[in-house]
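Peer 1: Now for the letters of each chain:
Protein chains: 2
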Amino acid sequence: MQIKSVNIIGFGNAGQAIAKQLIANGCAINAVLLKSNTRLKIAAELKLLVYEDIQALPEADLCIICVNDGEVEAVAKHLTNSKRVVHISGTTPIDKLSGILHYGVLYPLQTFSEGRLVEMKNIPFIIDANSESFNAELVQFASEYLSPNIHKLDDHQRRVLHLAAVFANNFSNYMLLVAGDLLREEQISFDILKPLMVETINKVFDLGAEKSQTGPARRKDYDTIKSHLVMLGDEDLKKLYTLISDQIMKK
Amino acid sequence: MQIKSVNIIGFGNAGQAIAKQLIANGCAINAVLLKSNTRLKIAAELKLLVYEDIQALPEADLCIICVNDGEVEAVAKHLTNSKRVVHISGTTPIDKLSGILHYGVLYPLQTFSEGRLVEMKNIPFIIDANSESFNAELVQFASEYLSPNIHKLDDHQRRVLHLAAVFANNFSNYMLLVAGDLLREEQISFDILKPLMVETINKVFDLGAEKSQTGPARRKDYDTIKSHLVMLGDEDLKKLYTLISDQIMKK
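These protein sequence lines map, in sequence, to chains A and B. Residue numbers for the first sequence follow numbering that gives the first Met the number 0, so the first one is 0 and each next one is one higher. Residue numbers for the second sequence follow numbering that gives the first Met the number 0, so the first one is 0 and each next one is one higher.
Treat the hints with care, since some could be wrong.
When chains are identical, the list treats them as one kind, so a pair holds in a single copy or across two.
Claimed, not checked - When the alpha-carbon atoms are kept at most 25 Å apart in a straight line, the in silico SDA-like pairs for lysine to any residue are as follows:
1) Lys-19 x Leu-231
2) Lys-237 x Met-248
3) Lys-193 x Arg-217
4) Lys-3 x Gln-186
5) Lys-193 x Thr-90
6) Lys-210 x Phe-111
7) Lys-76 x Ile-22
8) Lys-238 x Lys-250
9) Lys-238 x Glu-209
10) Lys-193 x Ser-112
11) Lys-34 x Asp-222
12) Lys-193 x Asp-153
13) Lys-210 x Thr-37
14) Lys-249 x Val-229
15) Lys-151 x Glu-51
16) Lys-46 x Gly-11
17) Lys-219 x Ile-93
18) Lys-225 x Ile-22
19) Lys-3 x Ser-188
Derived from the structure by calculation, the hints contain no laboratory data.
Okay, chain A solo, but in the shape it has when bound (with noise of 0.2 Å):
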């Protein structure tokens, strides 16, 4: 069948990009279910039916979980009536769906943050079923709905994704959230920074990460290196800049 209406299970950060995007592309959305009021707001400015009892959700061609990754077993449980559910989670195994008639998965990669509103249209889903037909539907409303950019991968290979995108985003962001300790006590506005990142991103993808590495411990400049440990004065952060230092250096 052609998957044309859903329902919203969980209303976060990247519930509400789902939905947005679902929306913009001319998906009905049947209802969402919340659990905190403060999102109420949101719901009713997308003109979204809003159910607190999982148990009166109206029928919808897909339920989507998007509730943090802890809880999706335990909402999917009360799912079992309906045909068809994804999760969104990059971590939580495929089967802890199991019970449902046709389960899946629908992992975007992007990160969500309060407030934001996130460009979805070219993002990766992740994508998997417990059959090929039902990957297939999942394929279909996916491209037509969310974005063209799909991947079908099996629950290790999402979980290695979803571990690489910590280091990607997560752990790329603490790095800028260090920098922008150091340049706020000398008042250096941390914008100074972006077109050196915006050629970092530019580059790494079109040489690779290990042709565009640069600094210090690349170029194994002991000097630059102790007068940089000398800089930091933190003990947190000279740990970090020894041990990331060393690693570049063994590359």
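Given the coordinates of chain A, work out where chain B should sit on it, guided by the hints.
Peer 2: Just chain B now, kept in the frame of chain A:
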């Protein structure tokens, strides 16, 4: 005076990028000093006069020292007959050029790699000078021929900025190198991370790094952290993951 011609001393990745930008904006390059024959071809393509003997260089309004940080002082000792000299290093103190009449710094905040043409027109140039008048000349020169994005910083501020750029660029690039290694083992294309990284950079400069921080460490999701450590067979990667996650959790 208005600086209208330059000599480029040293023709590595940064020297080449600066030379190309100067040429593109109509600044005369009187000569380039090369120590390696491998770059003769690039100099020829740009129709630049090449010298190997620093004493033989023709006159120019400004000499730009583009050699490695550790060689700046030695090179400057041969340029005491030149009236205006700058280096482009993030870490080298301005006074390594003392002995020259007008001396200063023109540090481009950018990452340069072999064989990659870098967009220079909006990147930040950090300026410093041994006098107000030479500072004004450098600001005029840089804004006319290099980039309108000009900042005046002293030695200490420039060194902190360089250190911040090591975290922002070098260390983020290393995080992407690790991510790429993980994906390669699963035959997943590195390019799958591109939309995520574009959003990572857009978000961090819109919301700031603290509000942009997401992931298992940020939400203290110990189950996911534990499962990631199991997936990371390599001891070095376990150490890296643990240290950064601990520091994110402490924030």
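Peer 1: All hints, please: hold or fail.
Peer 2: Evaluation of the provided hints:
With identical chains, the CA atoms of Lys-19 and Leu-231 are never at most 25 Å apart, being 44 Å at best within one copy and 35 Å at best between copies. Within a single copy, Lys-237 and Met-248 get their C-alpha atoms as close as 16 Å, and across copies as close as 17 Å, so both meet the 25 Å cut-off. For the identical chains of this complex, Lys-193 and Arg-217 are neighbours both inside a copy (22 Å) and across copies (23 Å), given an alpha-carbon limit of 25 Å. When the C-alpha separation of Lys-3 and Gln-186 is checked against a cutoff of 25 Å, the pair qualifies neither within a copy, at 53 Å, nor between copies, at 33 Å.
Only between protomers do Lys-193 and Thr-90 lie at most 25 Å apart by alpha-carbon distance; the minimum there is 20 Å, versus 31 Å within a single protomer. Proximity of Lys-210 to Phe-111 under the C-alpha cut-off of 25 Å is restricted to the inter-copy arrangement: shortest distance 11 Å between copies versus 30 Å within a copy. In this assembly of identical chains, the alpha carbons of Lys-76 and Ile-22 never lie at most 25 Å apart, being 27 Å within a copy and 68 Å across copies at closest. In this assembly of identical chains, the alpha carbons of Lys-238 and Lys-250 lie at most 25 Å apart whether taken from the same copy (19 Å) or from different copies (16 Å).
Both within a single protomer and between protomers do Lys-238 and Glu-209 lie at most 25 Å apart by alpha-carbon distance, with minima of 23 Å and 21 Å respectively. Taking the shortest alpha-carbon separations for Lys-193 and Ser-112, both the intra-copy value of 20 Å and the inter-copy value of 18 Å come in at or below 25 Å. Taking the shortest alpha-carbon separations for Lys-34 and Asp-222, only the inter-copy value of 23 Å comes in at or below 25 Å, while the best intra-copy value is 56 Å. For a Cα distance limit of 25 Å, the shortest separation of Lys-193 from Asp-153 across copies, 21 Å, qualifies, whereas the shortest one inside one copy, 36 Å, does not.
When the C-alpha separation of Lys-210 and Thr-37 is checked against a cutoff of 25 Å, the pair qualifies only between copies, where the shortest distance is 19 Å, while the shortest distance within a copy is 47 Å. In the homo-oligomer, the alpha carbons of Lys-249 and Val-229 lie at most 25 Å apart both inside one protomer (22 Å) and across protomers (23 Å), since each shortest distance falls under that limit. Taking CA atoms no more than 25 Å apart as the test, Lys-151 paired with Glu-51 passes in neither setting, with 33 Å inside one copy and 57 Å between copies. Taking CA atoms no more than 25 Å apart as the test, Lys-46 paired with Gly-11 passes inside one copy only; the shortest distance there is 17 Å, against 59 Å between copies.
In the homo-oligomer, the alpha carbons of Lys-219 and Ile-93 lie at most 25 Å apart only across protomers (23 Å), although the nearest pairing inside one protomer, at 45 Å, exceeds that limit. With identical chains, the CA atoms of Lys-225 and Ile-22 are never at most 25 Å apart, being 54 Å at best within one copy and 37 Å at best between copies. In this homomeric assembly, Lys-3 and Ser-188 never come within 25 Å of each other (Cα to Cα): the closest approach is 47 Å inside a single copy and 31 Å across copies.
In this structure, the hints that do not hold are numbers 1, 4, 7, 15, 18, 19, in rising order.
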